[in-house]
Every structure is written in C-alpha cells, then in structure tokens.
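Chains as they are written, first to last, in our numbering: chain A, 0 to 341; chain B, 2 to 207.
Please note: incorrect hints may appear among the correct ones.
Output of the computed footprint for chain A on chain B, the stretches with three or more beta carbons under 8 Å from beta carbons of chain A [to be verified]:
hint	segment
1	66–74
2	124–130
3	145–155
Taking lysine to aspartate or glutamate and the EDC-like style, the derived pairs with C-alpha atoms no more than 16 Å apart in a straight line are [said to hold, decoys possible]:
hint	chain 1	residue 1	chain 2	residue 2
4	A	K35	B	E174
5	A	K35	B	D125
6	A	K34	B	E174
7	A	K34	B	D125
Keep in mind the hints are simulated off the structure, nothing from the lab.
C-beta atoms are modelled at their ideal positions from N, C-alpha and C, and glycine is treated no differently.
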Amino acid sequence: MKRHLISAADLTRDDAVLILDTAEEMARFADRPIKKLPTLRGRTIVNLFFEDSTRTRISFEAAAKRLSADVINFSAKGSSVSKGESLKDTALTLEAMGADAVVIRHGDSGAPHRLATSGWIGGSVVNAGDGTHEHPTQALLDAFTMRRRLVGEEGAALDGRRITIVGDILHSRVARSNVHLLSTLGAHVTLVAPPTLVPIGVESWPCEVSYDLDAVLTKSDAVMMLRVQRERMNAAFFPTEREYARRYGLDGERMARMPEQAIVMHPGPMNRGMEITAEVADSPRCTAVEQVANGVSIRMAVMYLLLGGSEPALSREDTAHPSPAATPDGGAARRRVAEENN
Amino acid sequence: MDDNSSSLHPARPVLEAPDIKRVLTRIAHEIVERAKGADDVVLLGIPTRGVFLARRLAAKLEEITGSAIPVGSLDITMYRDDLRLGPARTLAHTEIPAEGVDGRLIVLVDDVLYSGRTIRAALDALGDIGRPRAVQLAVLVDRGHRELPIRADYVGKNLPTSQRETVKVQLTEEDGHDGVLLGTRASESEHAEGSTRLRRGTAPAG
Numbered sequence: 000m001k002r003h004l005i006s007a008a009d010l011t012r013d014d015a016v017l018i019l020d021t022a023e024e025m026a027r028f029a030d031r032p033i034k035k036l037p038t039l040r041g042r043t044i045v046n047l048f049f050e051d052s053t054r055t056r057i058s059f060e061a062a063a064k065r066l067s068a069d070v071i072n073f074s075a076k077g078s079s080v081s082k083g084e085s086l087k088d089t090a091l092t093l094e095a096m097g098a099d100a101v102v103i104r105h106g107d108s109g110a111p112h113r114l115a116t117s118g119w120i121g122g123s124v125v126n127a128g129d130g131t132h133e134h135p136t137q138a139l140l141d142a143f144t145m146r147r148r149l150v151g152e153e154g155a156a157l158d159g160r161r162i163t164i165v166g167d168i169l170h171s172r173v174a175r176s177n178v179h180l181l182s183t184l185g186a187h188v189t190l191v192a193p194p195t196l197v198p199i200g201v202e203s204w205p206c207e208v209s210y211d212l213d214a215v216l217t218k219s220d221a222v223m224m225l226r227v228q229r230e231r232m233n234a235a236f237f238p239t240e241r242e243y244a245r246r247y248g249l250d251g252e253r254m255a256r257m258p259e260q261a262i263v264m265h266p267g268p269m270n271r272g273m274e275i276t277a278e279v280a281d282s283p284r285c286t287a288v289e290q291v292a293n294g295v296s297i298r299m300a301v302m303y304l305l306l307g308g309s310e311p312a313l314s315r316e317d318t319a320h321p322s323p324a325a326t327p328d329g330g331a332a333r334r335r336v337a338e339e340n341n
Numbered sequence: 002m003d004d005n006s007s008s009l010h011p012a013r014p015v016l017e018a019p020d021i022k023r024v025l026t027r028i029a030h031e032i033v034e035r036a037k038g039a040d041d042v043v044l045l046g047i048p049t050r051g052v053f054l055a056r057r058l059a060a061k062l063e064e065i066t067g068s069a070i071p072v073g074s075l076d077i078t079m080y081r082d083d084l085r086l087g088p089a090r091t092l093a094h095t096e097i098p099a100e101g102v103d104g105r106l107i108v109l110v111d112d113v114l115y116s117g118r119t120i121r122a123a124l125d126a127l128g129d130i131g132r133p134r135a136v137q138l139a140v141l142v143d144r145g146h147r148e149l150p151i152r153a154d155y156v157g158k159n160l161p162t163s164q165r166e167t168v169k170v171q172l173t174e175e176d177g178h179d180g181v182l183l184g185t186r187a188s189e190s191e192h193a194e195g196s197t198r199l200r201r202g203t204a205p206a207g
C-alpha cells in the first residue's frame, strides 16, 4: 500500500479518480455552517516548509484543520534549519514529536522522496513542491478544476480533453506533475514554451511540445499559464520580458480565439502583464481563484485517503494487496465491505 | 457475504418484495400519524440502501399527504468510530434538501439497525449541519445486539438474530430485486472471510 504522495506519476488512474471524487464530497462540506469534520481527530500533521509559500501552506493547513487534525507549522526561516540543522535531524525531531504526516516543501528536487524512503520517519510524506521536480497536489487540484468545468461528471476522468500548458516548463514542478497526471487521466497535453524553457528529455514525457502558442490555442479546452519564475532564472532564457509577453503571454485578443467553453488556468502567483494580462486574469474564464478553493478540497481528500484509515486507500501497481478500487470487481468489493458494516 | 460462503450456508429469505412494500406503506402511515400530517418532515437516508428506502418512503408519504416530502442522503463515513480499523473508506454523497434541517422533524432511514454505531455517527453528522426540531429513526430490519443506547421509532421487521448470522437487504435500485436474507457467517478460519473481517475490523459498526 502506498503511504506517501511524492509524485503524480505514482498515481494510477483509479487512484486519481478516487481522489477527485473524494474531493468532490469534501467540497460539499465547505458550504456548511460548520466546516469541520472529526475524521482526523488526534492525528498530527506537520507542515515542513523550507521554501516560501503562501497559498500551498495555508491550503494544507486549512485542509488539515477542517479534518480536525493537529497542525504544526514549521518554516525553515527562524528555525534550527537556519542554524545548520540537516534534513535528517529535522526529520528525527518531527518523528520524536509523533507526526502522523509530514507535508514538505523543499527547494531541492527529491527531498520528499529522501524523507519518505530514508526510514527517518514512520508517517506519511506528502510532497508540497520540491525544487523543479513535482507538485502533485497542485496537479490534482488542476485536474479537479478541469473536470468540474469541462466534464462536470463524478467518477469520470479527462479522456480526450486537450490541455495546453504555457510558459516556464523548465523550472515548473506544476507542469511536470500535470503532464503525468493529465495523461494518466486520458487528456492530451501540449506544452508551449520558448525552446530555452523546454527541459531536456521532454521527448520521453507523455505530451507534445510546440513553440507556437497561436497555433495551439484554437485547439485547447484548457490553457494553463505558468508563472515565469524569476527567482530560478539564472541565465538569459529570453531576450526581454516584453518579447516573452508578446509571444507567450495570454491577452484578451488571444483568449477570444480560444474555443467558447475553454478555460484559462493559473497556479498562482500571477505576474500580471507578463504571462497573463489583467483583462484575462479577471475574466470569468480564468479559474485562478476557483483553483485555490479547490485546493483545500483536494488536500482534504489526500489527507483523508492517506490518514483516514489504518492504512492508505491509494494503491500502487506493484502492491501485493490491490485496493478494492483497483480490482476489476472493485465496485462489488467496495459494496460488499459497505454492506457488512450495516 | 461473498458467494463462496453463502453457498456453504444458504441464506434464507425473511422478507420478500411484497412484504417490503407493505412494511414501507405501514411505516409511512406511522410517520404521518406520529407527526400529525408530516408537514415538517425531512427524510434523510443513510447510504447506500437507506437512501433508496428514504426515496420510497417519500413517495408513499406524498401519496398519503398529497404534498411533496423533502428527501436527501446523509453520509456518515467521516463520523465513523471504526475508521482506524480498516483502510480509508470511499465516501458517499450527502445531499441535504434545500429546505435544510433547522427546526424540521428529521427521519433518518437505514436498512438494518444493528450495533447502533451508524446512527450515533449520523446524529453527530446531523449536528454539524443544523439543529432539527426532533430526530427519529426508521429501519427496515432491527436485528438487535445494540452497543449504544439507541432505538428505532419505526421498525419494518424485528428480526432476532445471533451475531453469527448475517442480514442482507437487497433492493431493486442496487441489487436488481427486493428481499431480505438471513444467512450464517462462514467460519472465521476460512480464508476469504478472514480477509474480509480483517478489512472491516473487529467491531461491527451498523
């Protein structure tokens, strides 16, 4: 059984759909006067953030609190990490405090994997973004937003939907996670970026690559604009910001050429005037704010599925005990379990 | 129960389709009688089969009173006390009718009343949604063995059972036909049953 969420590539299609369906139920709780569930009472979740983040940390914190878990926020600034403590010693400290799950954001790709496989801690590890590697819960909330807007049907995947991801693919963990997850869900993904911002080895990814935004726009059901990550730009990837905005930015005129039902997505934070104009960012077709709200539901679903039982509900293809959802007779098996608990 | 064990211990029907129909008609009349008209009644079924029973009851109530009765569903998974005894469970829908629950007479509907733990969870879930005027409970079968101080207001059939026995409610909406079967649990040394028991934990939850 899988205990961690490190990479979107680890999720099977059944897992991904189960998370989206569970998030759909979690979203319903958000409309209630009391937005709190007793499900994770007595569990401790540590938010271990070595890198700046506003929405992701707040989102994980809100999700954990709505499930009644105890939340400990740990940010590297002002902690013993700034005094030179290693990831291992930090992890051992958290383990000694009895953390049931660690949500980690780290500037180095692979840090969550190291934490999960080192044996330093016994709890679940959830990757909240590591370097330029992955950000699986962001991909899940993006897929959730797309399914709501483009499919509108629970239990469904994203088969045949055409998703375009535009911008700084090279530095984007959001893009990596999305490519894996969206292709697992049956969507057709196209990456659009200047050649300098396309990572090496992209040929092996389950997606297509284009350098021409205008050619792809008219055939897209969703266009995801990525932030140009100035903090990771240590070389001249494009001549000027104005040229980038002209060739790869989304303005009102470009948006008008998209299919009627197509949506514009942005994982935030947005650089208005750079990859997206204010006109597009504030239009009803832009789902940026919706994505933030959906993020809480998705993270509640992930926490519930990882910590809600004695063992996680997510499967792994190489597992010896497939989850009910992964077996051909999955529905019947699940029903049977439900029946026996009447 | 899985097919293997039920063939070893054939299940005996205790209610057939016409019985279930009659029982639901009677419960509907009892609700109208107790609520003096059912004006403020809201039916909430507990997934999976409780929801279908609630819808059937709502249809009967509409026949009797001539006005539509709000009906919805209340998933109790997140409120269970045995979540840590098995893998995380798949959630079912909670759909509260637009009328809400505040000041209403809520009738919870479930198929089998057993330990009472499901109803305890349902009361907790309901408390997070609003404050009903009163809460009542309607079940198709009460099989005894309560583990909490909970009783049903409307019972389709009292069915004295031993804990070795199983009660299975089948409804057309889910199973293709109506019926209630009483069977015997296969011995726990059997592999198939053993793994099922492991998955659902030791305490029966119903």
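Here's how the hints hold up against the structure:
no.	hint	in the structure
1	66–74	violated (count 0)
2	124–130	holds (count 3)
3	145–155	violated (count 0)
4	A:K35 <-> B:E174	violated, 32 Å
5	A:K35 <-> B:D125	holds, 12 Å
6	A:K34 <-> B:E174	violated, 32 Å
7	A:K34 <-> B:D125	holds, 13 Å
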